[in-house]
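Novice: Listed below are the residues making up each chain.
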Amino acid sequence: MKKLTTLFAATALATLMAGSAWSKTFVYCSEGSPEGFDPGLYTAGTTFDASAHTVYNRLLEFKKGTTETEPGLAESWTISDDGLEYTFKLRPGVKFQTTEFFTPTRELNADDVIFSLERQWKPDHPWHGYVTGGSWEYFAGMGLPDVLESIEKVDDMTVKIKLKRKEAPFLANLAMPFASIMSKEYADKLQADGKMNQLNQMPLGTGPFAFVGYQQDAVIRYKANPDYWGGKQKIDDLVFSITTDAAVRYQKLQAGECHLMPYPNAADVEAMKADPNLKVMEQAGLNVAYLAYNTTQPPFDKLEVRKALNKAINKQAIVDAVFQGQATTASNPIPPTMWSYDDTIADDTYEPEVAKKMLEDAGVKDLSMKIWAMPVARPYMLNARRTAELMQADFAKIGVKVEIVSYEWAEYLEKSKAKDRDGAVILGWTGDNGDPDNFLDTLLGCDAVGGNNRAQWCNKEFDDLVTKAKEATDVAERTKLYQQAQAVFKREAPWATLDHSLSIVPMRKNVEGFVQSPLGDFAFDGVDIVE
Amino acid sequence: MFRFLLGRLAVLIPTFIGVSIIAFSFIRLLPGDPVALLSGERVMSPERHAEISHQLGFDRPIVVQYLDYLWGVLHGDFGLSIVTKRPVIDQFLELFPATVELSLCAIIFAVVVGIPAGVVAAIKRGSIFDQIIMGTALVGFSMPIFWWGLLLIIVVSGMLQWTPVSGRISLMFFFPSVTGFMLVDSLLSGQEGAFQSAFSHLILPTIVLGTIPLAVIARQTRSAMLEVLSEDYVRTARAKGLPTFRVVGIHALRNAMIPVVTTIGLQIGVMLAGAILTETIFSWPGIGKWMVDSVFRRDYAVIQGGLLIIAGVIMLVNLAVDLLYGLINPRIRH
Chain A
1 MKKLTTLFAA
11 TALATLMAGS
21 AWSKTFVYCS
31 EGSPEGFDPG
41 LYTAGTTFDA
51 SAHTVYNRLL
61 EFKKGTTETE
71 PGLAESWTIS
81 DDGLEYTFKL
91 RPGVKFQTTE
101 FFTPTRELNA
111 DDVIFSLERQ
121 WKPDHPWHGY
131 VTGGSWEYFA
141 GMGLPDVLES
151 IEKVDDMTVK
161 IKLKRKEAPF
171 LANLAMPFAS
181 IMSKEYADKL
191 QADGKMNQLN
201 QMPLGTGPFA
211 FVGYQQDAVI
221 RYKANPDYWG
231 GKQKIDDLVF
241 SITTDAAVRY
251 QKLQAGECHL
261 MPYPNAADVE
271 AMKADPNLKV
281 MEQAGLNVAY
291 LAYNTTQPPF
301 DKLEVRKALN
311 KAINKQAIVD
321 AVFQGQATTA
331 SNPIPPTMWS
341 YDDTIADDTY
351 EPEVAKKMLE
361 DAGVKDLSMK
371 IWAMPVARPY
381 MLNARRTAEL
391 MQADFAKIGV
401 KVEIVSYEWA
411 EYLEKSKAKD
421 RDGAVILGWT
431 GDNGDPDNFL
441 DTLLGCDAVG
451 GNNRAQWCNK
461 EFDDLVTKAK
471 EATDVAERTK
481 LYQQAQAVFK
491 REAPWATLDH
501 SLSIVPMRKN
511 VEGFVQSPLG
521 DFAFDGVDIV
531 E
Chain B
1 MFRFLLGRLA
11 VLIPTFIGVS
21 IIAFSFIRLL
31 PGDPVALLSG
41 ERVMSPERHA
51 EISHQLGFDR
61 PIVVQYLDYL
71 WGVLHGDFGL
81 SIVTKRPVID
91 QFLELFPATV
101 ELSLCAIIFA
111 VVVGIPAGVV
121 AAIKRGSIFD
131 QIIMGTALVG
141 FSMPIFWWGL
151 LLIIVVSGML
161 QWTPVSGRIS
171 LMFFFPSVTG
181 FMLVDSLLSG
191 QEGAFQSAFS
201 HLILPTIVLG
211 TIPLAVIARQ
221 TRSAMLEVLS
231 EDYVRTARAK
241 GLPTFRVVGI
251 HALRNAMIPV
261 VTTIGLQIGV
271 MLAGAILTET
281 IFSWPGIGKW
291 MVDSVFRRDY
301 AVIQGGLLII
311 AGVIMLVNLA
321 VDLLYGLINP
331 RIRH
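Chains as they are written, first to last, in full-length UniProt numbering: chain A, 1 to 531; chain B, 1 to 334.
Accuracy of the hints is not assured; some may be wrong.
Short, incomplete list of chain A residues facing chain B, as computed with Cβ under 8 Å [unchecked claim]:
1. V94
2. T98
3. Q215
4. I242
5. D245
6. K252
7. Q254
8. A255
Restraint ranges, calculated between C-beta atoms of paired labels, are given here [to be verified]:
9. A/E100 to B/W147: 35 to 45 Å
10. B/W147 to A/K357: 52 to 62 Å
11. A/K397 to B/M143: 41 to 51 Å
12. A/T43 to B/I22: 31 to 41 Å
13. A/R165 to B/E51: 55 to 65 Å
14. B/W147 to A/K460: 58 to 68 Å
15. A/E100 to B/H75: 28 to 38 Å
16. A/K419 to B/T15: 52 to 62 Å
To be clear, the hints were calculated from the coordinates, so they are not data collected in a lab. Yeah, the Cβ is synthetic: ideal placement off N, Cα and C, and Gly gets one too.
Sequences and hints are given; from them, build the entire structure.
Specialist: Okay, structure coming up:
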């Protein structure tokens, strides 16, 4: 049998080599159809992969494989001393794509930037409602309509954006897919022709790949953009072969019909790792799952009690049982792929005997508590009930009785916010913009008590650090502040941090240059197929 | 024959109106605000809500709304997709040929294999052939399509690598759609290897989609054959010393075909249901996959319009089968 498989593998390889000899086509077996090709209108990663990460660029980009930003279409920027005025210098000589449906006559300028942002912002903009029923969900969701004061053209290559208040994550927001820069010239032409809808169906931008055609629910074709400001790609054609079933995606990958696939079935990962034709990349996803104590209620207002419980949880057992190993135990409230993550922080060790003694020393006897288990599976927590049962067993070893409670999902989220809520809540978070503020302040800040702050934890030292970091604009300084905040978090233990789930990307062995994104997107610039 | 046709139409029209009422009510009966469902906008100010509500005509009496809807449907207006903003009917026409191509291949496969299998089973009644054929038919009939499709993909495409895993043609080929039928278009494209690629992509989905109709046709053929073979005229033919081939092939088979044609007609409805699963497994861009994708995208306009169009197509196919049946067997016209 082994010989037979080798033979088949060799045949497959030969076919693949023969195939790529006449054109360098990279096939991505994507998991679903895009909702459209205007990234401002949608929120799904599937849509961003097919539009924002292929066809478009933004003023800033996330540096590959990180959540840090780097210059994109904006070559440089300055921020006024009061932190309210951002002046962007655009990269000169950036060409828009030439396609069968449009030939641009000019290069990128300030008008394109203003058009791309204002259409999402101003309700009276002619393009604000160009898609019936479409809405600018991300733009609104990031609070930009309230933050923006004005967007001005200083000269052709300079744009000034004024804010109403300080907003440190603002630059990271501009690197998000919804802030993709479109061609105003193309939009004007479509408007003149009465074909405004086409902007969402035949996208045209400055990105590494130019859109060729979309056959609904089947195939999206792109060509490498020969005029790309970052240089032409090594592959000539990029094809998204839409394959909704994960098992079929795996078979296509095995048969060499595609080079890379997202979201494998957990059960297939071992076999993929064993396949000599494939390689599997994995890294912690941009998420965290936690158990939040109510730090305002006795006995959880006592640090020793929270510390003792943290030492009683066998996290590795949870990761093994619930995630089949496809997660890592978490020691910090932010994931390791996030900038400012402090890897010097030591996690609570699993020592039930010590925990028991700590509890006794704290004078807590016959404790019985509730653990809330979410009713739904989320990427960061595949099975909260199972996790709660494992913790129930762990806590029983130190003499703590646990009752597991659950509610319907919406009710769960609402009820767990209450300040006088009893027990500890299992929950988690997935980051949206790669900024630590999106975790630390959103989930643990004093303002979030009674809301996202399920631990009802308001610590002045922590809150000051996080607020200072939000208002600082220098990344090095913010990093220092966030690392100090993580130390305070660990010392005070408002949560038991549970896990960061892994994101797993299988691909053919001959794929080179693919970099996994901590933000969960799939981008194929820089990818090559080698023989 | 004309009166027969009129009679059939008299049944068809109320049925279609009934289905259209169901499709019309679909959005209004779903939990949630129909305006939000149809526009796809989740967060709306009251003014925006009123505006869209007016655009969609929700502020008029329900009967007027229905008549307006029916009027639109009769003119081929099935609304706009919430997601793509394109007319539902345009998308349908684009995707329908893929489903027709697959269904035709599947039914041909089912007939070409099913009828001879049934005939052999009937002639060799009780033999090992009969048992194998009928046993296989039973398995085929009870096989869940999803499981069967994945099994074939894993063994035939994955392990043996005899056929491609999914899609209609290798992505290396790229040519415009002329007829919508990939077998024809690939020939017209003149690209070397395109037809072979299209053909090899059709093999597995055809087998998967054809399996249940094949099993049903084989069983139906066998029982119809057995009945006919015990008729007096067959015995007479045999007694006259006609060769078995003539007795079975000419005298018996023709008469046994009458119920089989009905079965084949009924299988077309079944196949459209099967196409939904088959197309999803094989990423076959037809209307079955379109409906499934639309459910996942919550594209209610497509689900609503698509259901009505598909129901209409099934009704037309059934009408055609009835007419065909009336031609083969004049007795049922009365």
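Novice: Taking the hints in turn, state whether each one holds.
Specialist: For each hint, the structure was consulted:
1. V94: Because about 29 Å separates A/V94 from the closest Cβ in chain B, which is outside the 8 Å limit, the hint is violated.
2. T98: Violated: closest Cβ of chain B sits about 19 Å from A/T98, beyond 8 Å.
3. Q215: 6 Å, holds
4. I242: 6 Å, holds
5. D245: Where the cut-off is 8 Å and the nearest Cβ of chain B is about 6 Å from A/D245, the hint holds.
6. K252: 4 Å, holds
7. Q254: Constraint on A/Q254 satisfied, holds at 5 Å.
8. A255: Nearest chain B Cβ about 5 Å off; hint holds.
9. A/E100 to B/W147: 35 to 45 Å: 43 Å, holds
10. B/W147 to A/K357: 52 to 62 Å: 54 Å, holds
11. A/K397 to B/M143: 41 to 51 Å: 49 Å, holds
12. A/T43 to B/I22: 31 to 41 Å: 32 Å, holds
13. A/R165 to B/E51: 55 to 65 Å: 31 Å, violated
14. B/W147 to A/K460: 58 to 68 Å: Cβ of B/W147 to Cβ of A/K460: about 59 Å, so the range 58 to 68 Å holds.
15. A/E100 to B/H75: 28 to 38 Å: The hint (28 to 38 Å, Cβ to Cβ) holds, given that A/E100 and B/H75 are roughly 33 Å apart.
16. A/K419 to B/T15: 52 to 62 Å: 59 Å, holds
Checked against the numbered hints listed earlier, the structure breaks hints 1, 2, 13; every other hint is satisfied.
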